[in-house]
Every structure is written in structure tokens, then in C-alpha cells.
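A.B. asks: Starting from the known structure of chain A, fit chain B onto it as the hints suggest.
Number of protein chains: 2
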Amino acid sequence: MSELTTRAGALDAADELAGVRKQFVLDEVVYLDGNSLGALPANVPGHVEDVVRRQWGELRIRSWDESGWWTAPERIGDRIAPLVGAAPGQIVVGDSTSVNVFKALVAAVRLADSAGAAGSAGSVGSAGAVGSVGSAGVAGSVGSGRDEILVDATTFPTDGYIAESAARMTGRTLRPVTPAEVPGALSDRTAAVLLNHVDYRTGRLHDLPSLTAAVHAAGAVAVWDLCHSAGALPVGLDEHGVDLAVGCTYKYLNGGPGSPAYLYVRRELQDRFDSPLPGWNSHAEPFGMRPAFEPAAGALRGRVGTPDILSMLALEAALEVWDGVRIEAVRAKSLALTDFFLECVAAYVPEGRVESVTPVAHSERGSQVALRCDDAGDVMKRLIERGVVGDFRHPDVLRFGFTPLYVGFADVERAARVLGEVLR
Amino acid sequence: MSELTTRAGALDAADELAGVRKQFVLDEVVYLDGNSLGALPANVPGHVEDVVRRQWGELRIRSWDESGWWTAPERIGDRIAPLVGAAPGQIVVGDSTSVNVFKALVAAVRLADSAGAAGSAGSVGSAGAVGSVGSAGVAGSVGSGRDEILVDATTFPTDGYIAESAARMTGRTLRPVTPAEVPGALSDRTAAVLLNHVDYRTGRLHDLPSLTAAVHAAGAVAVWDLCHSAGALPVGLDEHGVDLAVGCTYKYLNGGPGSPAYLYVRRELQDRFDSPLPGWNSHAEPFGMRPAFEPAAGALRGRVGTPDILSMLALEAALEVWDGVRIEAVRAKSLALTDFFLECVAAYVPEGRVESVTPVAHSERGSQVALRCDDAGDVMKRLIERGVVGDFRHPDVLRFGFTPLYVGFADVERAARVLGEVLR
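In the order they appear, the protein sequences are chains A and B. Just so you know, this note's numbering puts 379 at position 379 of the first sequence, and the rest follows in order with no gaps. Just so you know, this note's numbering puts 82 at position 82 of the second sequence, and the rest follows in order with no gaps.
Extracted from the complex, chain A is given alone in its bound form (with noise of 0.2 Å):
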């Protein structure tokens, strides 16, 4: 038995979240690509058929009242505030990711016209900002002079796409820029930014608190895009006062394939929080089927149409694998196995084979790990063979994601082995 076996025996028994594991479904396999769809809840099966069988099927549309479907998307919402910070009142699930930042984006233009429309630039989220609805973001309209919209330019692909929709749509120009460079690019022209907080390919964090501050210092109202953060480290979207999120829900919270993404709006922001999908269920009485939209108070004005039940009270019982788990708990496990594993690479890999694009300061780094390594796509396929499921991003990367609710430190340990084995 190895050192760093040893080791991964003595971290797993130190482990405060090892019990957690058991609430998931799991096989041999080494698991690490729940940065792409986290593992199967093992209370989630049981309750989906609850949700067919007899909700659907027995209940049908009384289950709209009787089994709490028509509020779900802030129930859910509710469910997920704590995982990043947020009190109650200021998310909805619903949706996929891509739409989620059209509406938030395309709501952030808008909150800085009417900021500027109000003159009250350089402060959008304080409390005399109350710009009127309505007027700001109608098409063709630059009333703020904000006419750039800033994004991260190694986000995420569909971040990207959207937001040149978003641009389009609203008449802005839209400026790639990485986050290092954010600080420098905001001007009195910037209207909204929309950043990822974990970079999908690198696994690098960006500084959140920092730059939403850079942001609101220019006037513009910040985007955080939690895909890759939320679950796997604190986000502290109240504390940091950031204006509008949205994240999915299939990575680490573990919700299942395609699982609703969810929308934050800063309490502060909801009253003028201007939705450009303006659906049934946003408005103020849903069953009233007027010709007239009104928006709903709160949170629930980021609501669209019917809720994708199925998928979303999957989430609902998904989510209950976090009672009693505590993030900062969470951030420390995910920190100690990134760690372990570069230690482990860097034991059992040939030198030179792989290089890490992921930052080794844990103040940069989210919960992966990324090697880059010439023929990865053909190593990812070799790895899966022999049992250690990470993925490929092209064109180079290695992605290897780290759950903390269900990987462990022997994990870890097998996963570098078996990759050194592979690349020798």
C-alpha cells in the first residue's frame, strides 16, 4: 500500500461529509464528471414515481393545488437560497440556463436605464434608485447612454450567444473581455456585465465580491452565472450584493439531466425588475386571464410559463441530500480533494505528460481540476474504459469535477493512479 493510499484511507476516515455519500445512488466507478451531471439522489426515484403515479395519474390537475405544483418554482427557490447566500424571496427555478440569462441580462440593461433614466448612476441597487418600468430597455432606446454590454469572453459558450442576442435586441454593443480585464473596460457606457463565476473549462474562481463591487463603482449592474459554483463552494449573493444570478441545477445540486435552472433577483431589484419573457405565470393574478400584463411582486416576476413538474419536483427531493450539510464544510472537502488529487498527479502521472490549467491559490480555484494533455480526448475515452468518468473539453482539456457530497479522497487517489497507468 502506497503513501498517498494510505493517506486517502486516513482523509476519507477524517471526512465530517463521508456519511453523505450513502444518500446517493453509486457503483465502482470513480465518478468526476458531476460537474456535468451530478449522481443520482437515492430518495429521488421514489418520489418521481410518487409524482407520476399518483400526483399525475391520480390526481391530475388537482395537483396543481393539492400537491404544491403551481408554487414550486419558488419553493424550490427557497430550497436553493441558502447554497448561495440568498434569504428567501429572490429565486425561481424554471427554465433552462440560456434562458435564465436572456432574462437577466436583458433585465439588467433595463435596470440601468432606469437607473440613469432616475440619476442615479453609480448606484443601481441602492434604495434611491427607483427608475420607473416600462419606458427603459423598449428596443432602439439608449436613454442611459449605457450602450455596452461586457462579458466574460471565456465563459461558457451559450453566455456568449445570448448575450449577443441580448445586445442585439436591446441596441448595445456587446464587449468580450476576460474577467482580469473587466476593471479596466467598465466605463460610464458599461450597462450590465455578466461573468461566470467558475470558468467551465479552467476550473478557475473569479472574485466575486471584488469584481461585483468594480462593477456597481461604474454604475453597472452585475450577472454571475453560478453553473459551476453553486453546490461546490459559498457564493454570498446577498452579502456581496450582487444584482441578478442564474445557475443550473444538474451539476452540483445534483437534479437530474436538463433539471430547471434558477434565476436570483436582488430583493432591492424585484420592483423593477422588467422581464423581456413576460409569461402567465408572472403576472400579478395568474388566473385572471387578463388581456393586460401586470407583473407579480417579488422574485416570481422571473417566472414564464408552465413549470416543467417532472424535472423540477426531481430537484425538490434532489435537494434534500443538503439538510444538515454546511457549504463552508462543503468548500473545505472540495478544497482538500483538488488538492490531493494534483498531489497524487503529480506523483503517479509521467512528468510533462499533463499540465494543470487549473490555479493552485485556493482563492482561484473551484471545485475541478483541468490537465491539459495533447491527446486527451483519446485518454478521457481510456480513462471512462477503465472506470474513472471525467470529460473532455476541446480541443486539449482533461475535465475532472469533484462532488464533495459523494467523491472521496480514495477516489481521488484511484482516479490519478489509473490516469498515470493510461499516460504511461
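Everything labelled a hint here was simulated from the structure, so no lab data went into it. Among the hints, erroneous ones may be present.
[To be verified] Taking beta-carbon pairs under 10 Å as the criterion, some of the chain B residues facing chain A (in silico):
| id | residue |
| --- | --- |
| 1 | Arg53 |
| 2 | Phe102 |
| 3 | Ala166 |
| 4 | Pro291 |
| 5 | Ile309 |
| 6 | Ser311 |
[What the hints assert, rightly or not] Per label pair, the in silico range of CB-to-CB distance:
| id | chain 1 | residue 1 | chain 2 | residue 2 | range |
| --- | --- | --- | --- | --- | --- |
| 7 | B | Asp271 | A | Ala410 | 50 to 56 Å |
| 8 | A | Arg382 | B | Glu58 | 17 to 23 Å |
| 9 | A | Pro291 | B | Arg326 | 33 to 39 Å |
| 10 | B | Thr71 | A | Asp50 | 28 to 34 Å |
| 11 | A | Ala180 | B | Ala284 | 26 to 32 Å |
| 12 | A | Leu59 | B | Gly324 | 25 to 31 Å |
| 13 | A | Ala13 | B | Glu294 | 48 to 54 Å |
| 14 | B | Gly298 | A | Asp375 | 30 to 36 Å |
| 15 | A | Thr71 | B | Glu3 | 46 to 52 Å |
From the three backbone atoms N, C-alpha and C, an ideal C-beta is built for every residue, glycine too.
C.D. replies: Okay, now just chain B, sitting in the frame of chain A:
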């Protein structure tokens, strides 16, 4: 046994679709709310269990390929296609109806602009009208002079709210008109027209072929909402030259609560379909992770983000009940059911107590009957207590939907009889 009871028995005995009912989970309730939420097909629970336990739980990330998750939106679209008279390759499933209305209506305006730019007003759908995508539809530019969107003023509210947003974001004026007023309202200022095939409240069937022809004669783009017709009657999208269409899948298609909606993009228009929601799933090379958006070929460019697999694959299983079912037989039975219901209501309900707002003429009737009734909310509660489930639509409508796949003539007679007892 009354004459109507005897007739019901005879009609059920002669019903070629009677055998389909056993493919659904039903009980002693007369379920006339399938136009809100379709009943559970019996094969769905087992299929969903396989999706959750095996595809997600065991195969995990591999299922995107191995279980066909990635291609589900277009595969299931092709399964819906024959039910709405569409050849394969023109429908994708995903997102809510509201979100699809937004995609379709913004894209319609851009199509109208690009046709205008190409000097082909009046022939949006013709092979000659190959406008360029890209500049058309930019906020504030109304290059075509087509500065109006017409919307069905009697529409289900969400379509009107979303149309208002689409108009605002493309710099157009929204003109709500009744479907009957559309021919008179069309002009060379009309960019696009959004209409409902069947009115959600009255059950009135609008004349899709002639209205589509009128829209085209004016050089505008026709967008149809099929929520209340798909699965209940032949639609003939290809035959009648409809440009774009959307519909939900949880009513007559029985896909389950909030199952994803679909978008039809006529083949000749696909190269010019310019989505306001260009997510990574609609990219020509989604895993290329390229910073620049390049739309996929075909209907796939109607996709947006990661599809909600649980809800989507429940729908796919639900669509199996259509194997061997002719939509013409469904339509014939639907009309017979609603005719018989109106006859039974006339026989059982005290004179003057209710008034049908659903057209008598077959050519103007969908698959529901709406009865105006002063105390409709209270009456519907009492009907439901007595095992007859319809729904109440504000302010004074009792709405009864007739799903020919599982509603029989004895159900119809019983529903009318109980209604008579409640109202006496």
C-alpha cells in the same frame, strides 16, 4: 334506462377508438379536463422509472449519447409531426409554450424584414424570398416598413404578454384584433400575425387555412398556437403553408404536467430562422465550444439550452398511445362527443341555466364545450365533488374538454346528467 343512456352505450360499442382508453390510467371519475392536463398513459411510469434509475442513475453522463438524450428534442418533434400534419425535420421539442411564442414571433418579424429586404414582400414563404439573416431584426430597424404585429385579442393571455414583449424588443407596434378582424387589419405594415387555432375559453376553432392565406397575401408571416388543437383535430401545417407554430404537449398529447412545448419551423424558412434565443444547443457544432454563434441547420436552430430530460422522455413515452391512431378518427369522435354532450345538456339541464359559447358548426368547434353559467366557479366545485372534472375559466365559464382517446359516450351522458342534477 333513458334513451340517452341507451344511445351512449351504442355509440361506445361502435367507437373505433374505444380500445385506446385502456392505455391510460383512469378511475371512476369522468375526466373532462384533458384540455388542461391530459391523463397519465399507462406506459409512462415504467419508462420514467427506467430513465431515472438506469439512464441517470447507472449510465449517468453516458446517457447523453447512449440513451439518446441529446437528440430527444428533434426525435420527439418528429413523433409529434404527423399529428399536426408536418413532414419530419421541422419540429423541435423544448422550453415552455411562452418561450416558444417568443422565439417564433421575434423570428417571424425578422423573416418579414428579410423578405422585405430581398424585395419579395408577399412571398415570405416562396423559394425566391431568400433574405439574409443577421442585420434583419436589429433593435430599432424596421427596414421592411412592416412595423406592426397582429395578435389574437381573444388569445390565452400569455401569448398576448409575450407578443407585447416581442413587439417592444423588435420596435414594432402590437395590434390586438379578433381573428375575424384579421383579414381587414392586414396591410403592408403587417410583419407577423400570432393566432390561436382553438380559443382556450370558448372552444372556437379558427379557420387556419384561410387566415394563413390572408396573412401570406399581405406579405406577412403566420404564427399559430396549437395548444388547444394538436392531438384533437387535423392541423395540416405543411398543407396550409403555416410558417411557424408552437404548441404545448400536456393537453391532448398527454405529456404530463409542464411537459415541454414544441416549435415548428417550415422547411423553406429554416435557413432564415433567426432565433432570439440562440443557445448552445442550437449551434452548428455545440461541443466545439466556439465563441461565435453559428446556427445549426434545420429545425434544430429552434433549440436553446439543455433539454429537461425527465419531462421530455415522459412525453416521448406518452406519445406511444398514438401508434395506429388516425387523427381523422380522433376528430370524428371529438365532434360526436361534443355533439352528444350538447344534446345531453339540452335534455338534462333546466332551460336558461347555462348557455353554450362554443360554436354549433363543426367547422368552428374544437374539442371542448364551454358553458356560460352565472355561478360557474361554485358549480364546477360541486361537479368535481360528484366525480365530474372540468374546469372553471374566469369569470363565468364551465369548460369541458373531450379527449377522444379516453373519453367515451357514457362519460359524456353522465357528465351532463350530473350537471343537470347540480343545476336543478
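A.B. asks: For every hint, state whether the structure bears it out.
C.D. replies: Taking the hints in turn, this is what the structure says about them:
For B/Arg53, the suggested interface contact is upheld, since its CB lies about 5 Å from the closest CB of chain A, less than 10 Å. Annotation: interface hint on B/Phe102 holds; nearest CB of chain A at approximately 6 Å, less than 10 Å. At its closest, the beta carbon of B/Ala166 sits 9 Å from a beta carbon of chain A; the interface hint therefore holds under the 10 Å criterion. Hint on B/Pro291 holds. Least Cβ distance to chain A is approximately 6 Å, under the 10 Å limit.
Interface hint status for B/Ile309: upheld, as the beta-carbon distance to the closest one in chain A is roughly 4 Å, under 10 Å. At its closest, the beta carbon of B/Ser311 sits 4 Å from a beta carbon of chain A; the interface hint therefore holds under the 10 Å criterion. The hinted range of 50 to 56 Å is satisfied by B/Asp271 and A/Ala410, whose Cβ atoms lie roughly 54 Å apart. Range check, A/Arg382 to B/Glu58: Cβ separation about 21 Å, and the 17 to 23 Å hint holds.
The supplied range of 33 to 39 Å is met by A/Pro291 and B/Arg326, whose beta-carbon atoms lie about 37 Å from each other. Separation of B/Thr71 from A/Asp50 is about 29 Å and conforms to the stated range, judged on CB atoms against 28 to 34 Å. Take A/Ala180 and B/Ala284: their Cβ atoms lie about 30 Å apart, and the range 26 to 32 Å holds. The beta-carbon spacing between A/Leu59 and B/Gly324, approximately 30 Å, falls within the hinted interval of 25 to 31 Å.
For the hinted restraint 48 to 54 Å between A/Ala13 and B/Glu294, the CB-CB distance of approximately 51 Å keeps it satisfied. Checking the proposed 30 to 36 Å range against B/Gly298 and A/Asp375 shows it holds: the Cβ atoms sit about 33 Å from each other. Taking 46 to 52 Å as the suggested C-beta distance range, the pair A/Thr71 and B/Glu3 conforms, at roughly 47 Å.
Comparing the model with each numbered hint stated earlier shows that all of them hold.
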